[in-house]
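Going down the list, the protein sequences come from chains A and B. According to our numbering, the first sequence is numbered sequentially starting from 37. According to our numbering, the second sequence is numbered sequentially starting from -15.
One or more hints might be untrue.
[As the list claims (entries may be wrong)] When the alpha-carbon atoms are kept at most 30 Å apart in a straight line, the in silico DSS-like pairs for lysine-lysine are as follows:
no., chain 1, residue 1, chain 2, residue 2
1, B, Lys(-12), A, Lys140
2, B, Lys(-12), A, Lys173
3, A, Lys173, A, Lys140
4, A, Lys443, A, Lys140
5, A, Lys121, A, Lys173
If you're looking for bench data, these hints aren't it; they were derived computationally from the structure.
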Amino acid sequence: MSDLPITLSDAAAALRAGTVTSAALTEAAIATAEAADDRIGSYLARMDDTARQAAATADTELAAGVDRGPLHGIPFGIKDILATKDAPTTAQSLVLDRSWGAGKDAPTVARLRAAGAVFTGKTTTMEFACGMPDTGKPFPVPRNPWDTDTWPGGSSSGTGSGVAAGMFLAGLGTDTAGSIRIPSAFCGVTGLMPTFGRVPKSGCVPLGYSLDHIGPLARSARDCAEVLAVIAGRHASDPDSVDAPFEFAADSWSADLTGLRVGVVHAGHFPADSDPAALTAFDAAVAQLAALGAEPIEVELPYWTEMRTANLVTMSCEALAYHRADTATRWPDYFTATRAMIARGALVSGADYVQAQRVRRVAQHAIGELFAEVDLVACPTAVVAAPRYDELTDAEGNVDIEEMFTKVHTGYWDCLGNPVLALPMGFNAVGLPLSVSLAAPAFGELTALRAGHAYQQHTDWHLRVPEIAAATVAA
Amino acid sequence: MTAKPVPDEATVGTVARLLAAAALPASETEVLALARSYPVVRASVDALYTAPGVRYADPALRFQAEATLTDWAS
């Protein structure tokens, strides 16, 4: 196991202390990918050469006193539905027009590049950020570094597994129904879905226009804050983006949560077939927050069932609108699970879509009222750990994830637009990670990140490294 | 994995017609799979119309009279 720093924040400090170089961090990341990626499938495209060049530039600049901020010289993965000017963008699909975004950086990518991040490659995603892998298509099947027979979660699969395995220190994912938080949960890393509109989503292949969020996956809450500070802020190309840059001073963050009111959700979140370790770990996480001074208050989430339905209606309709130009002629080229998701958009009416948006409005109001009573809401990200691929296959051999999603509690929050931070909270009986989510009021990321940081000062779940990474990372 | 109910003929026909109307060339297997969950999906969508407080709510849709298209890559 390398003694190189494994968090972005520690690496940034080490770079400035002169105890590590960006070149060393980048070579370690490349070595890990070389050793493990054929078993994990984090990357669709590696950018070893340009990463080495960027690392060398970062080292030269830092040595000359040119400091672009905490991401300067940090190995960084980009989910392959975001456009990057120096690598192809595929959305892990045969269908996406390869000229889309070619030679261009998405606004978020451009901001990261300007901040000196070292892009190590484009990471695997479920096709168009939805569905599941399709072994009949010419793309890697992403696997979980904690157990390669299991799913790493999606759709930001490669970013989650890559952070967990040490292929980069942070990366970008996107979240429409849980695609940042699910891989964060299943891979044992920290992920932040920012408030809808906090981060511009142009330059990202859309899945659900009114649901898509771009955000970081990294080791820690503080690392996520560092990334958010770079990518947040309005961009004229995204009419949903707002002028709300994110600023913070981590040095002033304490582990004292006195006065923080934390709504705690059990209702509707622990069906009978949950992993029994999920409840134990969740209650322990809440107890840890309380030990730091927070006041737990049991709450129920308003419009819980309706928002899950509204998420599916909205996502499938918006996806069908985007894909309709291709579906008639390219149907066999889509992944099986993508076809199923898109097709669901044809099973509801235009009025159904508008009604979903009406319920979203009412639910937004109701969650706002809840956040008048509490500062954060804590709930399990999922009440299962990473499922085995063979458990996701039905009797006919088709991948079926509907049942699993009754135990994954993420889509509710996409529909509302509130920020949610997913944090590792322990492991189940077979050593797979579990995760707690902290949801905040709109644009209340700072509250969730400070609480997450406090929690992570007293736990080390986020620093655990899977054996596959521990065995492959060279000093 | 829990076995899903076999859909009746009318449900399969409804799903097939809706997919065809959207010009989606789904296979018989795909139609059948969607039809299995269609009654539950339809019921949950219908329930959105009776959610409390929604009768006179405005939808969370966006429209800006002066909005223009701005290329993100320009």
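How the hints compare with the structure:
no., hint, in the structure
1, Lys(-12)/B - Lys140/A, "violated, 45 Å"
2, Lys(-12)/B - Lys173/A, "holds, 27 Å"
3, Lys173/A - Lys140/A, "holds, 26 Å"
4, Lys443/A - Lys140/A, "violated, 38 Å"
5, Lys121/A - Lys173/A, "holds, 25 Å"
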